[in-house]
Amino acid sequence: MTQSISVKDLTLNFGAVSVLQKMNLDVAEGEFIVLLGPSGCGKSTLLNCLAGLLDITDGQIWIKGKNVTWAEPSERGIGMVFQSYALYPQMTVRGNLSFGLKNARMPAAEIEKRVARAAEILQIGPLLDRKPGALSGGQRQRVAIGRALVRDVDVFLFDEPLSNLDAKLRSELRVEIKRLHERLKNTMVYVTHDQIEALTLADRIAVMKGGVIQQLADPQTIYNRPTNLFVAGFIGSPAMNMLPVKTIDNGRAFQFGSTRIDLAGYDGGAVLERDNAILGVRPEHITIRTEAVPGRTIPAEVEIDEHLGADSLLWLKAEGREMCVRIPVEGRLPSGSQVHLMLDMPKASLFDAKTEQRI
Amino acid sequence: MAETVAKAASPARTNLRSDAMVGPRGAKPRRRLSGRNIMLYGTLIVVSLYYILPLWVMVMTSLKGMPEVRLGNIFAPPVEITFQPWVKAWSEACTGLNCDGLSRGFWNSVLITVPSVILSILVASVNGYALVNWRFKGSDLFFTILIFGSFIPYQVMLYPIVILLREMGIYGTLWGLVLVHTIFGMPILTLLFRNYFSTIPEELFKAARVDGAGFWAIYLRIMLPMSLPIFVVALILQVTGIWNDFLFGVVFTKPDLYPMTVQLNNIVNSVQGVKEYNVNMAATLLTGLVPLVIYFLSGKLFVRGIAAGAVKG
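Here the protein sequences come in this chain order: A and B. Residue numbers for the first sequence follow our numbering, beginning at 114 and rising by one. Residue numbers for the second sequence follow our numbering, beginning at 20 and rising by one.
Source of the hints: derived by calculation from the structure; they are not laboratory data. The reader is advised that the hints may include incorrect statements.
Covered by chain A, according to a simulated footprint, are these stretches of chain B (three or more residues, beta-carbon under 8 Å) [as the list claims (entries may be wrong)]:
1) 218-229
2) 235-246
Computed Cβ-Cβ distance ranges for the label pairs, DEER-style [to be verified]:
3) B:LEU141 to A:GLN236: 42 to 48 Å
4) A:ALA247 to B:PHE315: 30 to 36 Å
5) A:ALA221 to B:VAL78: 57 to 63 Å
6) B:TYR173 to A:LYS179: 51 to 57 Å
Glycine included, each C-beta is placed from N, C-alpha and C at the ideal position.
Extracted from the complex, chain A is given alone in its bound form (with noise of 0.2 Å):
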């Protein structure tokens, strides 16, 4: 696979805060790979280093096999989409469209082309001749994907493009951004806080904190292996159950307040005793049982059960712990019922309190 983008050691510090520190990150081409993190976690800021709005401390970067570390914005074959989508507002959409590619100095008609092309695939063509003040957001968000697609670059740079549109539109673009990487095959790095989105969008997911990509996989392996507690808690909602555990028995038990439960079937690494470890279960990896089986079942009180239409969410008390559990619609239980939890043991995890590592 050839690498579309390749971030090597990049470090950027403002003044005498460090911002981003030796920063590796390949991007194969065709990816579409998703930053995702809090808020003030560097995501944004290695995107505007990418794009090459910021200049960087140390390091090199490299776009389709070219050293870009000191090229102009214009000169790395990026295009980007904003989160405020920074559309001209003087000018009309087809304006908007044109305008980078009057500054590279296309002739007339290759701009009218490829104008026409990405009208056609955002479906804006009736909108050509209006100033953005007179679009909605969606439309508005459309045109500003449009102006990266008239560059014909080979890579997209996505800064939280839907955080300013309602839920609705957010969840149609989304849609639509898949299927404009479907069709278009171009490598695309979206910045993003909603892990929904990154979950959906994303062909590999790199989770963001404190300016260090702390794992960087597939959603699915993000989302069922997650490699420490902070990504374990930052993806899910509601937020995987998080229980103060010690194990047991060199690592083939732990136990839970009073309640020993069995590791069997736990998907890692050499468990050993430790005094201080934690284990997180999602809630949908719980199942709720009226009977206890001995060395399998957690018991539990019913405190609230919250009805979300498609399931429901079992909120109950374990050993002095709140926890949460998804269950069926039909499986509803009334609060204060006596129930028995039982854990899904080859999709938890288990970390190490100290280190925050998953074992």
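Using the hints provided, position chain B relative to the given structure of chain A.
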């Protein structure tokens, strides 16, 4: 079943509504001649009279002949309207050796104001744009020093500037004065433009850079079209300031090149012969007319500029 329920419910509902309709309804009545209104409008009228009175006196005096002025009824309208004082102020009044009235000063002022305004606004807008979007090492310090300049009283710098201009060989020329006006307009105008440009979203600038636009292309094609209102504000500020300037005009030019304000002063303060109040009044009104006209003309443009800028991108 449902029908009976609806029927049973409807009388109760009508009752409820008619109850609610009793008492005040519709727009609240207002009394025109309340004590509050009399106080308010009374105060406003008195204050407006206070402000309009000097202008009234000036206009009336400028339309009287000298015999009528000597009667001393400064508030009375002229018995016999004459435009002779205006003609004299414009083209005949003497200052020193020149007896061609204010017209000479008017054209001098135009020759000073036009290039000064254009030059200072151009330089300051590029300054502000660069300070916001193309920040360089020490740009904050640069800006602070620039702003600091506006806190130093002009009088302190007069003599050093005279020497500087003399060394440059442009002391006593119109271009020397234009240069001084341009430089002294810099701090406040740069601040004005910097603050305005910093309200334009940074992403717009970034998008333009990705689109391959350079320093000047972004300034001319992105920033300028979005900044009409602030250019009009700067225009009003500079035209008024430079037209009304007296100090620089009297210090850095020669009698032949004196701007209108300096010449006005010389006409009004000339001690030889009779004090022609009507001519003085006409001359003063003439001098004040230009900023006033600019203000009215560009005021309209100003509003239009704001309206055009209100369409968000």
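Structure-based check of each hint:
1. With 8 residues having a beta carbon nearer than 8 Å to a beta carbon of chain A, the stretch 218-229 of chain B meets the requirement of three or more and the stated coverage holds.
2. Restraint check on the stretch 235-246 of chain B versus chain A: 5 residues with Cβ-Cβ distances below 8 Å, three needed, restraint holds.
3. Restraint check, B:LEU141 to A:GLN236: a C-beta distance of roughly 43 Å satisfies the suggested window 42 to 48 Å.
4. Restraint check, A:ALA247 to B:PHE315: a C-beta distance of roughly 32 Å satisfies the suggested window 30 to 36 Å.
5. The beta-carbon spacing between A:ALA221 and B:VAL78, approximately 60 Å, falls within the hinted interval of 57 to 63 Å.
6. One distance hint, 51 to 57 Å for the beta-carbon pair B:TYR173 and A:LYS179, holds here, with the actual separation near 56 Å.
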